[in-house]
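Q: Listed below are the residues making up each chain.
Number of protein chains: 4
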Amino acid sequence: MFVSECNIRVRYSETDQMGYVYYGNYAQYFEVARTEALRQVDLTYKMFEEAGTMMPVLSLLCKFKKPAKYDDLLTIKTIIRVLPSVKMAFEYEVHNAAGELLNEGETVLVFINMKNNRPTACPPNLLEKLKPFFEQ
Amino acid sequence: MFVSECNIRVRYSETDQMGYVYYGNYAQYFEVARTEALRQVDLTYKMFEEAGTMMPVLSLLCKFKKPAKYDDLLTIKTIIRVLPSVKMAFEYEVHNAAGELLNEGETVLVFINMKNNRPTACPPNLLEKLKPFFEQ
Amino acid sequence: MFVSECNIRVRYSETDQMGYVYYGNYAQYFEVARTEALRQVDLTYKMFEEAGTMMPVLSLLCKFKKPAKYDDLLTIKTIIRVLPSVKMAFEYEVHNAAGELLNEGETVLVFINMKNNRPTACPPNLLEKLKPFFEQ
Amino acid sequence: MFVSECNIRVRYSETDQMGYVYYGNYAQYFEVARTEALRQVDLTYKMFEEAGTMMPVLSLLCKFKKPAKYDDLLTIKTIIRVLPSVKMAFEYEVHNAAGELLNEGETVLVFINMKNNRPTACPPNLLEKLKPFFEQ
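Residue numbers (the working numbering), protein chains in the order written: chain B, 2 to 137; chain F, 2 to 137; chain V, 2 to 137; chain P, 2 to 137.
Derived by calculation from the structure, the hints in this document are not laboratory data.
As the structure is a computational prediction, the values presented were derived from the model and not from experiment.
Don't take each hint at face value.
All copies of an identical chain are treated as equivalent in the list; a pair is satisfied when it fits inside any one copy or across any two copies.
[What the hints assert, rightly or not] Calculated cross-link-like contacts (lysine to aspartate or glutamate; reagent style EDC-like; alpha-carbon spacing at most 16 Å):
(1) K78 x E107
(2) K70 x E51
(3) K67 x E105
(4) K70 x E50
Whenever a hint applies, use it, and build me the whole structure from the sequences.
A: Below, the structure is given as structure tokens:
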């Protein structure tokens, strides 16, 4: 299992007139969180695209427990439970500074070869970086 | 069962560098679609808030089949399968102009009394408007 | 002078906790408005990109008079005062359903040849469509 | 003169199909930058709203020089040239990690008393914090 954490400060633009973070904006937070998870093992999603692999999202699930508010400093925990194959699943937990669980989410992405637009295996450099976290 | 449809034209701002609609933007499309579904029975979500009831989202699910692209004219079908109680579930199907199914989604919302911030029953005027669609 | 109008319904996602449309979202409205202005002369911005010309924005100016609110049906007037050359200027006026002027804006865009990434002349088909509006 | 700096990492959601940051997203970056400018003198915009003063934007100006790209680590310099009165002007300069100037902007905000919705003087605590930067 691989776990990483990152912080996101809620922007004013991300609130709605309910005074909460708009529910659709968590997808952006999850994107930032998984990007930072990769950066923690010295990889960037940008590198993957430059090397010809993109990762569109196949599914998104969010469960909203409590609202995030303007200027909250959120902590997003990103969890990879299974070594990626053609697909890669990320789980997310969003907490506020008081430690309250605000939101739980899950995304499944697929590796796509940008040349032929078809699914492809997880890039070897990513697999190599993640393997140590899945060994006993 | 209540079914309604609305059209949304994809904005440039909603695309990302993959050339597709960013996956987080479907939550906005679903919001527009359920708002227009209510308008079709002569109600607006705005009225509900003005009358003291808000509807935060409890859960969001999206399954992405094919990408929507810039300037696509999307048709979003909104389906209400069950009469709302304290919660209200909406299902969505997004098609492009070629009739391809791009995306399926689901949101569950809860009625909240804005005075005490607690769950409350579905407003009677909404229930009344929807009932005919659920009778045989 | 070429003038066109389009309508945009304010989405919940576009409001912020002030209860107004977030100031940064007018840039999106302007984009929709200029796209619809082109469509009115049977052209689309999409065609231009497919033909190898893109139009990045060089400058954006907005003056905010009154706030737009959730579910407002806005009318955006787009004005082209000068025939485009290498650059193209659009002016915008945003009114609400009560006829109040909410916002005035201006964008200048530049035609870029996507092959060499350099400025280029306005596509002839656009010029041809606009010319009649600038003759006496 | 008061100057502060903050960093913003470009999110995938903020790009468009041109492969650049969408021009409307700089308004968000400017919002983050002025919020962080205030935080640097131990104030938050959130405090102002909680104390009954909000700051809607009166005007926005952006001049786009070069595009920001996905995953760029931007530095936003925020400049306050004049002590605020009823209005407060911020200037912004956006640079990428290579030191290139990408964008220059300017916003003017107004202090509004949230009770009567009318313009009001700059909150004294803000004025006090800024004064030392404007003395010789």
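Q: If the cutoff is 16 Å on CA atoms, where do K78 and E107 land: within, between, both or neither? Let me know, please.
A: Close inside one copy (11 Å), not across copies (24 Å); limit 16 Å.
Q: Pop the pair K70 and E50 into one bin, within, between, both or neither, using alpha-carbon distances up to 16 Å.
A: Cα proximity of K70 and E50: across copies only (13 Å, versus 33 Å in one copy).
Q: If the cut is 16 Å between Cα atoms, do K67 and E105 qualify within a copy, between copies, both or neither?
A: within (10 Å within a copy, 25 Å between copies)
Q: First find the shortest C-alpha distance between K70 and E51 inside one copy, then the shortest across copies, and answer within, between, both or neither for a cut-off of 16 Å.
A: between (36 Å within a copy, 13 Å between copies)
Consistency with the previously given hints is maintained throughout, with no hint failing.
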